[in-house]
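Enquirer: Since chain Z is already given, all that's left is putting chain R on it; use the hints.
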Amino acid sequence: MEKLKNSIKYNFLNYTLIVELVIIFLLFQLLTDGLFMTTRNLSNLMLQGVTCSLIAITMMLVIVTCNADLSAGAAIGFIGTFAATIQVASWNTGMTFVMVIAVSLAIGVWHGFWIAYKELPAFIVTLATQLVLRGLNLLVGGGVSIGPVSTEFSHLGRSYLPGIFGGESFNGLSLVLTIVGIVIFLAISISQENKKIKLGLVESNWKKKGPMIVLYAAIALAVASIFIFYLGFPFAIIILVVLVVIFEFVVKSTVFGRHVFAVGGNSEAARLSGVNIERTVMAVYILHSLVVGLAAVVFLGRIGQASPTAGTAFEFTAITGCVVGGTSIMGGRGTVIGAVIGTMLMASLDNGMSLLNLGQSGQFIIKGLVLMLAIALDVISRNKTG
Amino acid sequence: MEDYILSMKNITKDFSGVKVLHDVTFNVKRGEIHCLCGENGAGKSTLMKILSGVYPDGEFSGNIIVEGEAQKFSAVKDSEKAGIVIIYQELGLVGTMTICENIFLGNEINERGKISWDNQNKKAFELLRRLNLSELPSTVVERLGTGKQQLVEIAKALSKDVKILILDEPTSSLTEADSENLLNILRQLREQGTTCIYISHKLNEVLEIADTITVIRDGRTIVTKPIKEFDDQTLITHMVGRSMDGYYPEHARKPGEVMIEIEGWTVPNKKTPGKYILDHVSMKARKGEIVGIAGLMGAGRTELAMSIFGALKGERISAGKLTISGKAQKQFKEPIEAIRSGLMYLSEDRKRLGLLANSDLVTNISISSLDKISERGVINKNLELEKAKKGIKDLNVKTSSILQLAKRLSGGNQQKVLIIKALLTEPKVLILDEPTRGIDVGSKYEIYQLMNTLSDNGMSIIMISSELPEVIHMSDRIYVMCEGRISKELDAKKDEITQEKILHYAAGGE
Chain Z
68 MEKLKNSIKY NFLNYTLIVE LVIIFLLFQL LTDGLFMTTR NLSNLMLQGV TCSLIAITMM
128 LVIVTCNADL SAGAAIGFIG TFAATIQVAS WNTGMTFVMV IAVSLAIGVW HGFWIAYKEL
188 PAFIVTLATQ LVLRGLNLLV GGGVSIGPVS TEFSHLGRSY LPGIFGGESF NGLSLVLTIV
248 GIVIFLAISI SQENKKIKLG LVESNWKKKG PMIVLYAAIA LAVASIFIFY LGFPFAIIIL
308 VVLVVIFEFV VKSTVFGRHV FAVGGNSEAA RLSGVNIERT VMAVYILHSL VVGLAAVVFL
368 GRIGQASPTA GTAFEFTAIT GCVVGGTSIM GGRGTVIGAV IGTMLMASLD NGMSLLNLGQ
428 SGQFIIKGLV LMLAIALDVI SRNKTG
Chain R
299 MEDYILSMKN ITKDFSGVKV LHDVTFNVKR GEIHCLCGEN GAGKSTLMKI LSGVYPDGEF
359 SGNIIVEGEA QKFSAVKDSE KAGIVIIYQE LGLVGTMTIC ENIFLGNEIN ERGKISWDNQ
419 NKKAFELLRR LNLSELPSTV VERLGTGKQQ LVEIAKALSK DVKILILDEP TSSLTEADSE
479 NLLNILRQLR EQGTTCIYIS HKLNEVLEIA DTITVIRDGR TIVTKPIKEF DDQTLITHMV
539 GRSMDGYYPE HARKPGEVMI EIEGWTVPNK KTPGKYILDH VSMKARKGEI VGIAGLMGAG
599 RTELAMSIFG ALKGERISAG KLTISGKAQK QFKEPIEAIR SGLMYLSEDR KRLGLLANSD
659 LVTNISISSL DKISERGVIN KNLELEKAKK GIKDLNVKTS SILQLAKRLS GGNQQKVLII
719 KALLTEPKVL ILDEPTRGID VGSKYEIYQL MNTLSDNGMS IIMISSELPE VIHMSDRIYV
779 MCEGRISKEL DAKKDEITQE KILHYAAGGE
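Line by line, the protein sequences give chains Z and R. This note's numbering numbers the first residue of the first sequence as 68 and each following residue consecutively. This note's numbering numbers the first residue of the second sequence as 299 and each following residue consecutively.
Certain hints may be false.
[As the list claims (entries may be wrong)] Part of the chain Z face toward chain R, derived, beta carbon under 8 Å:
| # | residue |
| --- | --- |
| 1 | 268 |
| 2 | 336 |
| 3 | 369 |
[As the list claims (entries may be wrong)] Dumping the calculated PhoX-like pairs for lysine-lysine here, alpha-carbon to alpha-carbon at most 20 Å:
| # | chain 1 | residue 1 | chain 2 | residue 2 |
| --- | --- | --- | --- | --- |
| 4 | R | 688 | Z | 265 |
| 5 | Z | 263 | R | 688 |
| 6 | R | 685 | Z | 265 |
| 7 | R | 631 | Z | 185 |
| 8 | R | 375 | R | 347 |
Bear in mind the hints are in silico, worked out from the structure with no lab data behind them. Where is the CB? At the ideal position from N, CA and C, for every residue including glycine.
Bound-form chain Z, shown alone (with noise of 0.2 Å):
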């Protein structure tokens, strides 16, 4: 009886994040009259979450190593000015995108110089690099919109794979690669699950994870079907998706990804086990700076000019996802997966509550309460099991 109450207890844990996307998108399915649970809303839903998911990647990275990031939406605000201009002044396209990088890797290495070596508080070194990247964009941008930019660059943040077989109703490319997918994902997982079973780390228990891994891929395909019948996979949503299991597998395979959840479990022990620490946060800062460039120009891409205001507040999302998806603001602790899902989860809130016509005074006070509460419940969990 006691084991059966904690597997739900320990499963409800797990599972909260699903839990809470279903309960959130009934609610508005019910509210918004069937308007919310369409393709093309939930397409566009997405298409507006993926420039905070993309952040949320290495957001969480960074959270985890017991840092932050403030400066994250003002630095999609500056470099898409910044790469507005360059493209208002015609330069070529490959020219835009060597400049975007060298001014991620300028943040990613100031972030790191400051945090990681002379070891400054987080939150008050990026808080800020926000400002100072906020008046950045004011001094390039002179206030005003920039733009457009060239169709060439707004490829990654507007475009979609195109169909194959033409005339149909669905997107003959995006079900392929689905497809595809899907098989890799259960070919990986099964073998993975043998594996474990042959060095008798688990016991075989197929009747249980077999359900689990079934259901996994089933939620890929509905997720991907709401695309293939939409306009097909967009590339910023590829994007995504490929960044996201290169950083998986980054989390779960790599000497890097292990020194970042060391440092943020146990900094001193770490340190003494021989992992440089000062090193793996300054990589940590640099690589989540990359992914904020490239997040600026799917953004940049996706709306087509540069504005003052852009990006304000998509760091306060990111990192809500982060926590809502399971990092724990006490560093060590976090996914890649969970950290999307989150934000995505911060996305339908955003998407629902405009369909609602509730005011921008009801979305924060939501969404503040929503951040309250995720973080609350991490430091109780936390607490308990000790």
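Expert: Using the frame of chain Z, we list chain R on its own:
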């Protein structure tokens, strides 16, 4: 009947089943300086924590009688009300506040919440004069040296109308002159009628200042006698006096060439100029040898190990040569450099400096040797699991799964996991800091056996230990440290190693 200001009777205390105090009796006469002596872990601190209410009534058994009245303290506040104030080794002052603010912190003289600064300053001024301090009450505390800060602590205690003042190792971070000054102040306070309980490892100090000495050992009161019945030999005998049972595996070792050697290793104390954390330390350890480092708390043993390992944060090694297996090495700046050069260190503080408590055993085991099991930054997980499984089997770690979280293991098994981690780095020299602290007898024995096997296979082991029987039985040679220096090297081959000698040199004897 003596006039006891304090009488603690039949105090018994255990920590989750392990008894640390057995039926201890401790009587203090009014107006005396009473010294409490004992080895590390004898139970002195526990006894004082009971007296000051840190361990509240109900967590121990026995009676505390202050001035003839039975007391039940449920918090530190209660003991302070009864006139008992304890001053710990680490100072409890707020560095950024003034002397006056610190003295009255928590006991501000106020009228309906408004602090009466005139009264406070006047009283602080008087207290400082009483302690021969010429500083103004408005001086910020962090500007003072450690010695004067200690006096401010005492002023704070006196402001609370203290009847019994307890000092726990007050001179461990003071210079000679400051220590002398402190002892004089204590004598002066005695004249004025304050009773003082003084805990110190420094036997010469104890013999100089005490009126009465109580020795406790292994959680039991051994003796309480006036000072005239002690000299340093009888004091040491009382403190040691335990039987050494045959629970250390007998073993003959054949040390080979020198694996690690340091010369003139010096780390200055940044806080107190002129004092050293490590003062020209020279030592070596051979292949297949177990070298013990003995000494009292604060003698600099852990700092020595950490500084060699490149892990002493915030302090600078001002001089010193390091040689590992015949090759001169630069002083390591980061532990990773030391590990790559074949040196590994396991901390005494498993929780804070050892384990990744919320990670599984595999992660804990492989964290130091990831570069050995990865290719271009990608971990070979099969190999990782294999190594972890083998280590756990070889060292007989009791766990339900290798994916168990490290914090769920018992102390002994946690220590074994850390040892597996250390061994996977394939060290030539392994420094173990208090390797058996707080672990069960069975695991202890297994760790001793493992140390013997490792040294047989040519590893050079340096063991820091406060447990005298352990360090005596396991070591081929022992360096005794005192106040940042190596005060004596003792060799088992020459039959030089005895508990009395170690204690003598650890306490600063010549």
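Enquirer: Between residue 375(R) and residue 347(R), does the CA-CA distance stay at or below 20 Å?
Expert: With Cα atoms ~13 Å apart, residue 375(R) and residue 347(R) stay inside 20 Å; holds.
Enquirer: Have a go at the residue 268(Z) hint: is there a Cβ in chain R nearer than 8 Å to its own Cβ?
Expert: Interface hint status for residue 268(Z): holds (6 Å vs cutoff 8 Å).
Enquirer: Could you grab the alpha-carbon distance between residue 688(R) and residue 265(Z) and see if it respects the 20 Å cut-off?
Expert: Given pair residue 688(R), residue 265(Z) holds - Cα atoms ~15 Å apart, limit 20 Å.
Enquirer: Hold the hint about residue 336(Z) up to the distance rule: shortest CB distance to chain R must be less than 8 Å.
Expert: Check passed: Cβ of residue 336(Z) comes within 5 Å of chain R, closer than 8 Å.
Enquirer: Take a quick look at whether residue 631(R) and residue 185(Z) sit within 20 Å of each other, Cα to Cα.
Expert: This hinted pair holds, its Cα atoms lying about 16 Å apart.
Enquirer: For the pair we were handed, residue 685(R) and residue 265(Z), check the Cα-Cα distance against 20 Å.
Expert: Holds. Residue 685(R) to residue 265(Z) sits at ~15 Å (cutoff 20 Å).
Enquirer: Is the hint on residue 369(Z) kept, meaning its closest Cβ partner in chain R is under 8 Å away?
Expert: It is violated, given that the least Cβ distance between residue 369(Z) and chain R is near 33 Å, above 8 Å.
Enquirer: Would the hint linking residue 263(Z) and residue 688(R) be met if the CA-CA limit is 20 Å?
Expert: It holds: about 16 Å lies between the C-alpha atoms, which stays within 20 Å.
Going down the numbered hints, you'll see the structure goes against just number 3.
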